[in-house]
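2 protein chains.
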Amino acid sequence: MERLPGFRDFYPEPLPHQDVWSADTRTYIFDAWRSVARRYCFREYDGPPLEPLELYTTKSGEEIVGQLYNFTDKGDRAVALRPEMTPTLARMVAAHARNYRKPIKWFAIPQLFRYERQQKGRLREHFQFNADIFGETDPAADAELIALLIDSLRALKLTAADFVIRLSSRDAWREFFKRGVGSAECGVEREYEFYQIIDKLAREDPAQTNSKLKALGFSLDAVNEFIAAGKPTAELDLILNNLSARGLAEFVKIDYNVIRGLAYYTGVVFEAFDKKGEFRAIAGGGRYDNLVKIISGGKVDLPGLGFGMGDVVLTELLKARGLLPPLNAHLHAFCLIEDEALRPASLKLIHDLREAGLTVDYSFVPTKPDKQFKRALELNAAFTVKLERTSTGEFALKVKNLKTREERVVDTARAAAFLLADK
Amino acid sequence: MERLPGFRDFYPEPLPHQDVWSADTRTYIFDAWRSVARRYCFREYDGPPLEPLELYTTKSGEEIVGQLYNFTDKGDRAVALRPEMTPTLARMVAAHARNYRKPIKWFAIPQLFRYERQQKGRLREHFQFNADIFGETDPAADAELIALLIDSLRALKLTAADFVIRLSSRDAWREFFKRGVGSAECGVEREYEFYQIIDKLAREDPAQTNSKLKALGFSLDAVNEFIAAGKPTAELDLILNNLSARGLAEFVKIDYNVIRGLAYYTGVVFEAFDKKGEFRAIAGGGRYDNLVKIISGGKVDLPGLGFGMGDVVLTELLKARGLLPPLNAHLHAFCLIEDEALRPASLKLIHDLREAGLTVDYSFVPTKPDKQFKRALELNAAFTVKLERTSTGEFALKVKNLKTREERVVDTARAAAFLLADK
Chain A
1 MERLPGFRDF YPEPLPHQDV WSADTRTYIF DAWRSVARRY CFREYDGPPL EPLELYTTKS
61 GEEIVGQLYN FTDKGDRAVA LRPEMTPTLA RMVAAHARNY RKPIKWFAIP QLFRYERQQK
121 GRLREHFQFN ADIFGETDPA ADAELIALLI DSLRALKLTA ADFVIRLSSR DAWREFFKRG
181 VGSAECGVER EYEFYQIIDK LAREDPAQTN SKLKALGFSL DAVNEFIAAG KPTAELDLIL
241 NNLSARGLAE FVKIDYNVIR GLAYYTGVVF EAFDKKGEFR AIAGGGRYDN LVKIISGGKV
301 DLPGLGFGMG DVVLTELLKA RGLLPPLNAH LHAFCLIEDE ALRPASLKLI HDLREAGLTV
361 DYSFVPTKPD KQFKRALELN AAFTVKLERT STGEFALKVK NLKTREERVV DTARAAAFLL
421 ADK
Chain B
1 MERLPGFRDF YPEPLPHQDV WSADTRTYIF DAWRSVARRY CFREYDGPPL EPLELYTTKS
61 GEEIVGQLYN FTDKGDRAVA LRPEMTPTLA RMVAAHARNY RKPIKWFAIP QLFRYERQQK
121 GRLREHFQFN ADIFGETDPA ADAELIALLI DSLRALKLTA ADFVIRLSSR DAWREFFKRG
181 VGSAECGVER EYEFYQIIDK LAREDPAQTN SKLKALGFSL DAVNEFIAAG KPTAELDLIL
241 NNLSARGLAE FVKIDYNVIR GLAYYTGVVF EAFDKKGEFR AIAGGGRYDN LVKIISGGKV
301 DLPGLGFGMG DVVLTELLKA RGLLPPLNAH LHAFCLIEDE ALRPASLKLI HDLREAGLTV
361 DYSFVPTKPD KQFKRALELN AAFTVKLERT STGEFALKVK NLKTREERVV DTARAAAFLL
421 ADK
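So the sequence lines, in the order shown, correspond to chains A and B. Under the numbering used here, residues 1 to 423 are what the first sequence spells out, in order. Under the numbering used here, residues 1 to 423 are what the second sequence spells out, in order.
Please note that the accuracy of each hint is not assured.
Identical copies go unnamed one by one, so any copy, or any two together, can satisfy a pair.
What the hints assert, rightly or not - Pairs of lysine-lysine, DSS-like flavour, derived with a Cα cap of 30 Å:
id	residue 1	residue 2
1	K398	K276
2	K374	K214
3	K276	K319
4	K319	K231
5	K178	K212
6	K214	K253
Hints were generated in silico from the structure; no laboratory data involved.
Construct the complete structure from the given sequences, taking the supplied hints into account.
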């Protein structure tokens, strides 16, 4: 029996097959995300992987349904596996915003799902690090969020040589757009249509883009000039200065090619890219000051901003740059049981060492000493520990460092401390 | 907009409403599960939350479909949200068993889903700690698994006064059943039917149970006698001795009332219960030596055993016993910015402290000093840190311990070390 196409199995390393993913790499990445988010005082939350379909159509319109895992449940509800976390988060924040002091800084690592018929062979699920701030309109919040994004990537040993955050602004584009509004072709209601054209700039044929722009009263030349000038807005200047003060200037640049596809962004938007341009965007985000209001049906009005970073492109990038550490099994100690009469005492020793926080393994059944030793090496044990009976009938504990091959007799009561200290 | 019935929102503490769950409690429990599993040298894996429906019907028959979140995807595949992890695990192990040395010791913390129409108000998802061992028939593996279960609960500060593992055996019941086989009423093919009756013993009317048993040629009296005697099999004796050697004897007892509902168990079975009998089972598991063979269509034959422990009953139990620690925000330091001219230098300080692993927060925008200090207290900061300009134009860093209210001037370069040491 096979898993569904587009889904992943995560196995412990060393990986048995190229077709599967590493559970250890996933843990390594999740741990980095969590630890940086916590240092930034973001608190973790989570919501249901299954939500009412309406949560997504309210925000993005009916056309999104074609990309969802949606179905009717046994209670006749239209439901969908979550394709992104922001609507769930906006729903949660709207429900209890008044119980939390602002600014609210939250993160989550949800698994997200998209069913796109045309993309055979592409993944239909991924994990995404989501970090969001609510209740602060000042660009200082945007800078904090971008600094978190940068440090999340730095925690995985990526440097300014590997990635850059391209910083842009819907406000800057709105100013540009307004210049054209009022012409015969362009009413203010066509703003999002204009952003969609900009979003496809790099991917679409210039002639086609130009004719689309002309239909709205703009020219490709004017657009290209605006991008080339890349003049930061006052808000972007504040963000750049804030990031410079932190020592993070080299990780960001203004790039008005970035505008983000989603309808709900309102202000600063940004994307993280690998510098060699080999991969799709590593992460993306921005301000969505109206979303909570929309999701709450007008009841709660709270500015918000956030980013999402998926595990798939990031894992590919880390692999390509040789930044995934070896994540095979590793033990503090493997307990050798060479005399079966000492198995009960050995089990007690193993239990005591584990109780003290050490990772310890052993052979379940009587096994030849050389096979036990081989197993200790396979599992990358730092030490072997072995109980022996002395001539006076007492237990002696022999501890062997598998790197130096040095062997010592250690007091059983002090074994855990010895193994932890001499690691 | 509301979440779906039976699903949970997880919020950071302090919780805003009794209707939501604590993301911090969830993290506390997951961390305990992971850390004990790793000390026991279990490796983490994961699989898809969505699987082919067939994966569940193969093992449990068509009747399970009534309890599933199943639907037809846009590619016309019959699929289901996973109701349990074992079939996925058996599929994964069967696919790559030869690439891993035995015994295989793996764990996962999947979210599982059940749609049961009749149980309005009950949860339709939960998280479950799953630990499994493959490739070892010796009861030493059963003992290792049960020890892990005990230590997972002990890591959450539950004691022998709080819970007990009820240990039973399908082998013991099979022996009992065989005595009746050959009578007019009972053929060997009715074994599982017999187990189903035993599984419902405590919940069903004795008269009804008795008539069901009689239809198979057994009497309730004989069954009750067998349970009351509670004579351990040779295998159970080995397990009890093994657990005694580890110092865990007080956490287990033989109880043949336990037989487990699922069809696939073959040998030792067990359940963890709170001692006051206030809650449903905390965990359950056992041997399933034929499952990998069934799932792999006969291609791979590998003995297996495992347990599952859900987060819902466990959280209720920990709450009832007062064993959930306060999990509110807590910071190493809150940075006070009282002179806006020092904001850039303060941002650098904050960044350096976070880089050193400290949890640090601050006010995004100019804020009155007393309000900043109040915020530091609200966030349970251990220290406030504050840059000041000295008369010679240098920076001075003032560090205040919020418990002792003692204030000191600390060298900026040594701030992180000072805060970590004096926590």
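Original post:
Does the structure break any of the earlier hints, and which numbers would those be?
Top reply: 1, 2, 4
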